[in-house]
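There are 2 protein chains.
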Amino acid sequence: MPAIQNIKVAVDAVVFGYTSKEGLSVLLIKRNIKPFKDSWALPGGLVRDDESLEEAIQRELKEETGVNINYLEQLYSFGKPGRDPRNRVISITYYGLVKPDAFELQADTDAADVAWFNIKKLPQLAFDHHEILTAAHERLKNKMLYQPVGFELLEEKFPFSELEKLYMAVLDRPIDRRNFKKKVIKFGFLEETTEKQALDGAGRPGNLFKFNPQKYYQLQKEGINFEI
Amino acid sequence: MPAIQNIKVAVDAVVFGYTSKEGLSVLLIKRNIKPFKDSWALPGGLVRDDESLEEAIQRELKEETGVNINYLEQLYSFGKPGRDPRNRVISITYYGLVKPDAFELQADTDAADVAWFNIKKLPQLAFDHHEILTAAHERLKNKMLYQPVGFELLEEKFPFSELEKLYMAVLDRPIDRRNFKKKVIKFGFLEETTEKQALDGAGRPGNLFKFNPQKYYQLQKEGINFEI
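As given, the protein sequences belong to chains A and B, one line each in that order.
Take the first sequence: its position 183, counted from the start at 1, is 183 in UniProt numbering, and no numbers get skipped.
Take the second sequence: its position 106, counted from the start at 1, is 106 in UniProt numbering, and no numbers get skipped.
Since the hints were derived computationally from the structure, they do not count as laboratory data.
Built from N, CA and C at the ideal position, the CB exists for glycine as well.
Fair warning: there could be bad hints in the mix.
Computed footprint of chain A on chain B; a stretch qualifies when at least three of its residues, placed anywhere within it, have a C-beta under 8 Å from a C-beta of chain A [what the hints assert, rightly or not]:
(1) 6-13
(2) 74-82
(3) 87-93
(4) 118-130
DSS-like cross-link-like pairs, simulated, lysine-lysine; straight-line CA separation at most 27 Å [what the hints assert, rightly or not]:
(5) K221/A x K221/B
(6) K182/B x K183/A
(7) K186/A x K157/B
(8) K221/A x K99/A
(9) K30/A x K80/A
(10) K183/B x K143/A
(11) K21/A x K165/A
So that you can see chain A by itself, here it is in the shape it has in the complex (with noise of 0.2 Å):
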C-alpha cells in the first residue's frame, strides 16, 4: 500500500437540456484558468472533504453555471492517468436531463462563461470531456429504452407529436411512430385528453395528452422494455 496517494477527486456533470425548439443540448461552461484556459468544459471541480460525492456536484454547478438542480445521476469515474495535464485527478461523473428554461445562468468566479450548447453544434472541449459526453448521451438514450421519460420535459398539455420529437432527439434517429404511440399507450403514462390543438395551418387538430404521474413515477421504478 503507498504510503502517499497523489490522487486527487474531482466530480463533473453532464447537464442535458431539452426544449421542442431548440432539441438536445449540453450545459458548458468556458474555462478561466490554465490548463485549456478559454476552453469550453463540463461543469465540475474538487470535492470537498466533508460534503457527499451529491453535494459537490451541486454546489459546483451552482458556483459555475448558477443552476440548483437537485437529481443528478452517478455516470461513470473516469481515471486514467494523464487525463488531467497538472496532476492525477479522478473524475466522478453525473448526468441529467432537464428544461433549460426554467434557468437563469450565471458565470461564477470559476468560469468565464457559461451557455447551452446544441448536442449537434459543440465546440472542442478540454480534458477527456468528449470522451465522458458521449458517455452520458450513450447512457440517456439507453434509459429511454427501459423508463418514460419527458414528464419534467414537456407542457402539461401537448400533442403527441411533441414526445415523438423528444425521442428522437435524444435517440438521435427516426423512430417507427406507430409502433412508438402503440407502446406508449400500452404503458399508460399518457393520458389522452378531449383537448384539442390549437393549429396554425389547415389540417385535422389531433387531441392533446398529458402525463399520467402516478403511472409515470411507478413505471420508472419499476422499468420497461421500451423497444422503438
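Mind docking chain B on chain A? Use the hints.
For chain B alone, kept in the frame of chain A given last:
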C-alpha cells in the same frame, strides 16, 4: 477550491462465482488489519498513482485472493464521508461473474483468509460492503435481462435445465420456464445438439445444448430485451 484535499481513492470488487452445484457465491477476504480486523470484506485497496483504476482492481484481486480476473465492469463510486472510520476514502467499485473452479484461492499479506461465500449465507461485512454487494447483485440481475450470460460458466454441452438454474440462481426467483426456453431459442445464442443427456435415474433424456459463440457475443454487444 480547497488547497489540500484529504481524500483517498480505493477500488473494491464484487466477484460473483457460479457453479450449478453451489449456485451464486461471492469472493470475500478476511481482514488482518484494523479497522474491522477479522471481519470479512470485499477484496480491494488504494489505487497507486501510476496505474489505471482497472489495473488497480486487478492487482488488488491478485494480491489479496490469488485470482486473475481480466474483465470486470465498473459498478458505482461510493463516497459518503464517514464510510471509513480512519479517513475519507472514496471507493470505485467493480463487479463480475466467474466460474469459481477456475481459481486457486490464496490469501496474501493483506488478508488473513479468502473464501467463496454462498450469497444466501453471507457473514457480517466490514465498512459499507454489504451495501456495495447488494448494489452489485441488483446490477447483475438487471444485466441478465438485457445481455446473454452463461457462456463462460456452463460446460461446453449441458441440459437446458442448467441454463434455467443459472438464471434462477442469479435472479433469486423462479422463472416462467416455457417462456424462458422459447425466448432463448428465438434469440439464437443457444443451439440444441443431437446428443442426449446421460441420466442417473429413469425418465426420458433430453438433448444437450451448447452456446453459439458468434451469436452470443453479437447479442452481448447489441443487447436484448429478456423479459422473463
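Tested hints:
no., hint, in the structure
1, 6-13, "holds (count 4)"
2, 74-82, "holds (count 6)"
3, 87-93, "holds (count 3)"
4, 118-130, "violated (count 0)"
5, K221/A x K221/B, "holds, 25 Å"
6, K182/B x K183/A, "holds, 23 Å"
7, K186/A x K157/B, "violated, 40 Å"
8, K221/A x K99/A, "holds, 21 Å"
9, K30/A x K80/A, "holds, 23 Å"
10, K183/B x K143/A, "holds, 23 Å"
11, K21/A x K165/A, "holds, 10 Å"
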